[in-house]
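**Student:** Please assemble the complex out of the two chains, which come individually in their own frames, going by the hints.
Listed below are the residues making up each chain.
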Amino acid sequence: MKHLLSAADLSYEDAILVLDTAKQLAAATEQGVGKLPPLRGRTVVNLFYEDSTRTRISFEAAAKRLSADVINFSAKGSSVSKGESLKDTALTLEAMGADAVVIRHSSSGAPHRLANAGWISGGVVNAGDGTHEHPTQALLDAYTLRSHLRNGEGDLKGVNVTIVGDVLHSRVARSNVLLLNTLGAKVRLVAPPTLLPYGVEDWDCEVSYDLDASLEGSDAVMMLRVQRERMNAAYFPNAHEYSSRYGLNVTRMNRLAESAVVMHPGPMNRGMEISADVADSQRSVIVEQVANGVSVRMAVLYLILGGSESM
Amino acid sequence: MTSSAKTSYVIKDVAILDGKPTDIVIKDGVIAEIGKGLTADQTVNGSGCIALPGLVDLHTHLREPGREDAETVLSGSRAAAMGGFTAVHAMANTNPVADTAGVVEQVWRLGQEAGLVDVRPVGAVTMGLEGTALAELGAMADSAAAVRVFSDDGKCVHDAALMRRALEYVKAFDGVVAQHAQEPRLTEGAQMNEGVISGKLGLAGWPAVAEEAIIARDVLLAHHVGSRLHVCHLSTAGSVEIIRWAKSRGINVTAEVTPHHLYFTDDVVESYDPIFKVNPPLRTKSDVAAVRAGLADGTINIVATDHAPHPSEDKDCEWTAAAFGMTGLESALSVVYETMVQTGLMNWAAVADRMSVAPAQIGRVSTQGQPIEVGSPANLVIFDPRASQEVDARKTVSASRNTPYAGRTLPGKVVATFYRGKPTVLNGELNA
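Heads up: the sequence lines are chains Z and U, in that order.
Using the working numbering, you'd call the opening residue of the first sequence number 7 and step up by one each time.
Using the working numbering, you'd call the opening residue of the second sequence number 1090 and step up by one each time.
It is possible that some hints are incorrect.
Derived lysine-lysine pairs resembling DSS-like cross-links, with alpha carbons at most 27 Å apart [claimed, not checked]: (1) Lys1404(U) to Lys93(Z); (2) Lys1404(U) to Lys8(Z); (3) Lys1484(U) to Lys93(Z); (4) Lys1502(U) to Lys1116(U); (5) Lys82(Z) to Lys1404(U); (6) Lys1095(U) to Lys1511(U).
The set of hints was computed from the structure by calculation and includes no laboratory data.
In isolation and in its complexed conformation, chain U is listed as follows (with noise of 0.2 Å):
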């Protein structure tokens, strides 16, 4: 039977969450029916999976315009659809750089083009990522592109008067800033976490300070213009620390961490291999424990890939030759599912949250991260926690092979991602 638009599906026997199995009718991009022996065109054989909302990811790097060797709006989609998201948010850090209405509504329509996954815009705080004079908000925030999201990810909006004005003219648009927290003077040269191992391998240290620094400032200031923050990939203890701090006097703030600070620590550099390299760095045991246990008690909002692609000569080479960044959109459900759901300090209702109901909240996605009940836009991931797959970097479906995982295996995997009603992957296969 081939699918169309028209196609309608049911999902049998699958468990909403941490519910009982039951069947999910899937009709003209919404979901028609819940409820046990239904039937439609097409059947998905959920025995045993658990049914998740879409996921959403507020931090993606899909490199298009300027590094179409790397990952493509559309290569990026088709791993983001894998991963078992229908949405993520393209970081602006292009060539050229999408501080500009142009460059993210150019961006937006390639993400239509492509048609697997909400392709949303960040637009750039400052013109150019140059940290010196505000880029045009407004007029992101007008375009096709409605951008709500702002952020010089790569860089710091270090400058704390530039910070203010950037966290108050974006109330307007009820926008939001999300800061890449690095003081720059603390990290010049830096290559991999401060601590006992940087001081071992003699590699300049990324200190944990740089970034509690910029956030304990930026919620200061948040407090101050009463606005909306957000912290990009927060990735120490200390951060978390301030997170909590900050929320329990009332500062409207939050923040994500990565699926990688959730699952490794920094001594993997002692191999020297750069797929390790990323930024911020990978911290100590106390850190991804503290960022695990923030993430459960919802100090830390959401689980964001900071999916980074990377040609492969880029990384393979000598550490301080390589780029930061690892790909993440592929395993990032698998790495939640063993960091946080096996561990048991979340559930999947906790899953749902922190991967699809608060990211499209923040980010201001109103079809995305809605319950899984009847009405809803049909966007929905299908994952098997019984199957387990070793992660091969040839395989992956970005077009970049920097998977940190490469050679792990993780448990889980997604069977089917619906987005809009349409089936992105079925059987575990890209379905475009």
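Bound-form chain Z, shown alone (with noise of 0.2 Å):
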């Protein structure tokens, strides 16, 4: 594995492999040693031209773990806000040794461009490019549905996810479906029409507009935020009539098979797409997505960065 572009790019061997390493990953780090060992000399850049707190912080942390050297670039109060392109910054980390860049971006495909123009040659790290693909927040989801329905162990054959909210601009939603489709998962998308993507019906997955017939059979719902600006652009009228139709909410989790789970990507909108009760139910694996977050993403700077010495 060279970079991680899109969730498109794992093949069902590779997904594996990078589950299972985070696992792995996760219990040398439970047993307490400290730091691993194995990219002790490699810099890891984390290229963030969106504020991203939680996903920056997780990457940042993944890479400390794993012992290498952490270089943290926002655009803001850097040379990026001084109108430097995303090719000369390119440069610059190329000059500079970097091993890896993970890259957050507004615009869709910017990721690709690093990985593919020339600009640089060490790996590339998608960590959510505009409305395109998010393939980390991807394989941390697998990871949590897994550790949940299949015993941390295998694939998701026969697991039932409904995704529900802002399709159209959402990243997450893109690379849940590649990834869950490759690890043997069904996937169903619950949106009003307004919010799934032109031509949704070629996607390797089902569309519904009712969430409340889309519950029954579920083994996990996850919850997309939505962003109240929406309502200004006419893709629903108002956030009461929104949450009413498409929120989660402690009616409709109840209808819920017994171990069906809840996830969010967050950062959620409380009383939105989710209401707090449910956000903070017994269900809720919310928490826990970003502890496996970390997992995932150590795993995945592993397996780019090709990290040699024994873990």
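**Tutor:** And the structure:
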């Protein structure tokens, strides 16, 4: 694995390898030996063009636990805010010897350009690009699903995952549809028609406009963040109507199977797509998703940087 | 032997369009003789080649004044000559905008100084391309540049009342409004064709309906006021249907398609390489089939390049930061050859019509698009269909390198271009 740009880059074997590696790394971390040595002397740059404290911290923690040197480069207050182009920033990082660049960018495809335009030679990890993809989020979601529904082993064959909300603008949804399919899960997208991408009927998933009709049989419900500003562009009339039709409240949650889990990539709009009671309930694995994010990102960095030392 | 304005040329054994090989003598700026065994001061071997009337581009961005780092009237004229063109229409979205007699005369004069093609300035429809008030259309028409084509290209004249007035007003001087059909609200932030691929790539979509809705409105407006309408860079199957319907109703509308919309489909965007970022965007396979069929049956009247040069910093970046547009003058004839002639959809007579005769008529350029016969102005292109060339962006004549064909092999090659009797290209090399 040279780069991780899209969840579609991961074959079934790759995906299982990442999840298994993450599991081992999590176990090794839990044994409390402190930092693991495999990326000692390697440099990982966190190149964040968008504010994303949680993802950046997660990648930073992952790299540091593997003993990598971490450089955080955020757009604000840097040369980027002085108008430096992505290309020039990339050339700078290359000159400084970055072994891997973790990039978050508002432009869909920016990680592809960084990896393929000939600007840098190191590995590129997509940490979220525009409305395109967020593959490490999909990996941590798969990891979380696997540990709850499949005892932390194998794939997700036969697992029914319902993803609800603003699919149109969601990089999380795109990556999840791809990866969950690779792992054998069945995905259903639920959203008002305005928040589904054109051509979604050609995706490898079911599509529904009706949340109530989609709860039964779901092993997991993943609620996507819905920005309140979307109603200004007429995607839906107002927040109240949205949450009454597509929000996950306690009544709806109680209709889920006993074993079903509730997920959210964060940050949540409590009261909008998810009620506070649901977010804080027993079924919610939202905090666990965050913890798993570090393990999965450790695995991705480890595999991309080809850590040769034994763990 | 040195060439001068007085030098005569004979092109030996060249096929005029789909005809048998013959000789053509060019003298004193006109076609002096056509026949067998002719001689002249200089000989051009035309064996195996096709002679077409010099190509006329109705849609060229020469960028001067304002973006001389991307192209100038001179560099664009050179690129045009290399592509076999003898006339280009310079679009109005310069800086300052070509919305006054002063600016169009400046561009026209720069074209005269370059002296490689007829540079016909296009006038803006609205002041500053802002879509709110008419530009001085009459003053531009009456100027030395004698503007006949008016366009806010790059932007759509989206206000229906203003479009109606523009269509009416230009009738006074036999002008035409060339519309960039793009409903602005449906295309806010649009990055590529809205379809399965845009959904997958997470790039904001530019739906076909945003083009078709404006074309439908405009043909009805043109019908209502009895005016002449030209539709720029038509790109969707639905647009072809609307134009076909309008023509069947006798509406006075003409339409153009670009070489890149004949050639590429939107799946090339999967590379996220902004070299493929263009407006209107590259469309689907069925759209490409429809515009090819429309061009072949004459529903679409002409091929126009929409040659849009950009400096490399505007393309060597992430997709959404990149500029829209691609160069096209140097590759147009080869692309039309590959997509329309090699596929059996058109013969050379049809190519001459779509790339020379019809655009000259729409632009009211009387000395261009003339039949290849004795007495016609000697505006000619000699094209060798047996040659092929791999496109190398570093070797373009245009001042910009944003050709989407870089690394691809295109069939055919312009061997010679004659502009008013003088060779601007000879032996496949620029002669200026």
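**Student:** Next step is simple, just say for each hint if it's right about the structure.
**Tutor:** Evaluated hints:
1. Lys1404(U) to Lys93(Z): Since the Cα atoms of Lys1404(U) and Lys93(Z) sit roughly 11 Å apart, the hinted pair holds (cutoff 27 Å).
2. Lys1404(U) to Lys8(Z): holds (25 Å)
3. Lys1484(U) to Lys93(Z): OK: Lys1484(U) and Lys93(Z) at ~23 Å, within 27 Å.
4. Lys1502(U) to Lys1116(U): Judged against 27 Å, a Cα distance of about 24 Å means the pair holds.
5. Lys82(Z) to Lys1404(U): Distance of about 24 Å is within 27 Å: holds.
6. Lys1095(U) to Lys1511(U): Holds: Lys1095(U) and Lys1511(U) sit about 9 Å apart, inside 27 Å.
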